[in-house]
Amino acid sequence: MKIINRFFLGVVLGAVAGIGAVVLFAPDKRNEWFDEIHDKTQDILVEFNRAAKEYKEELENDLAARQAG
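All the letters of the sequence shown, read from the start, carry residue numbers 1 to 69 under our numbering.
Bear in mind the hints are in silico, worked out from the structure with no lab data behind them. As the structure is a computational prediction, the values presented were derived from the model and not from experiment. One thing to keep in mind: the hints can contain errors.
Claimed, not checked - Cross-link-like lysine-lysine pairs, in silico, DSSO-like; alpha carbons within 30 Å at most: (1) LYS40 - LYS29; (2) LYS53 - LYS40; (3) LYS40 - LYS56.
As the list claims (entries may be wrong) - Here are the simulated distance ranges between beta carbons: (4) ALA21 - MET1: 42 to 48 Å; (5) VAL11 - LYS40: 20 to 26 Å; (6) ALA65 - LEU13: 35 to 41 Å.
Virtual Cβ for every residue (Gly too), placed ideally from N, Cα, C.
Based on the sequences and whatever the hints tell you, model everything.
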């Protein structure tokens, strides 16, 4: 069990070190990553807002149906 923990700790530390090195030493790649993260975040927010609007409309329709009921 201790070997597995050390392995995963090494994987995590290696990944963090690799990402840190790219962010520090490759500014063009860093900008590309940040732009991609920004675009994906915006896509997620648009989808979330669309779903929230649909849900709100559905609840308003249900409320209107109950009040008319």
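For this structure, which hints from the list above don't hold up? Hint check: 4 and 6 fail, others pass.
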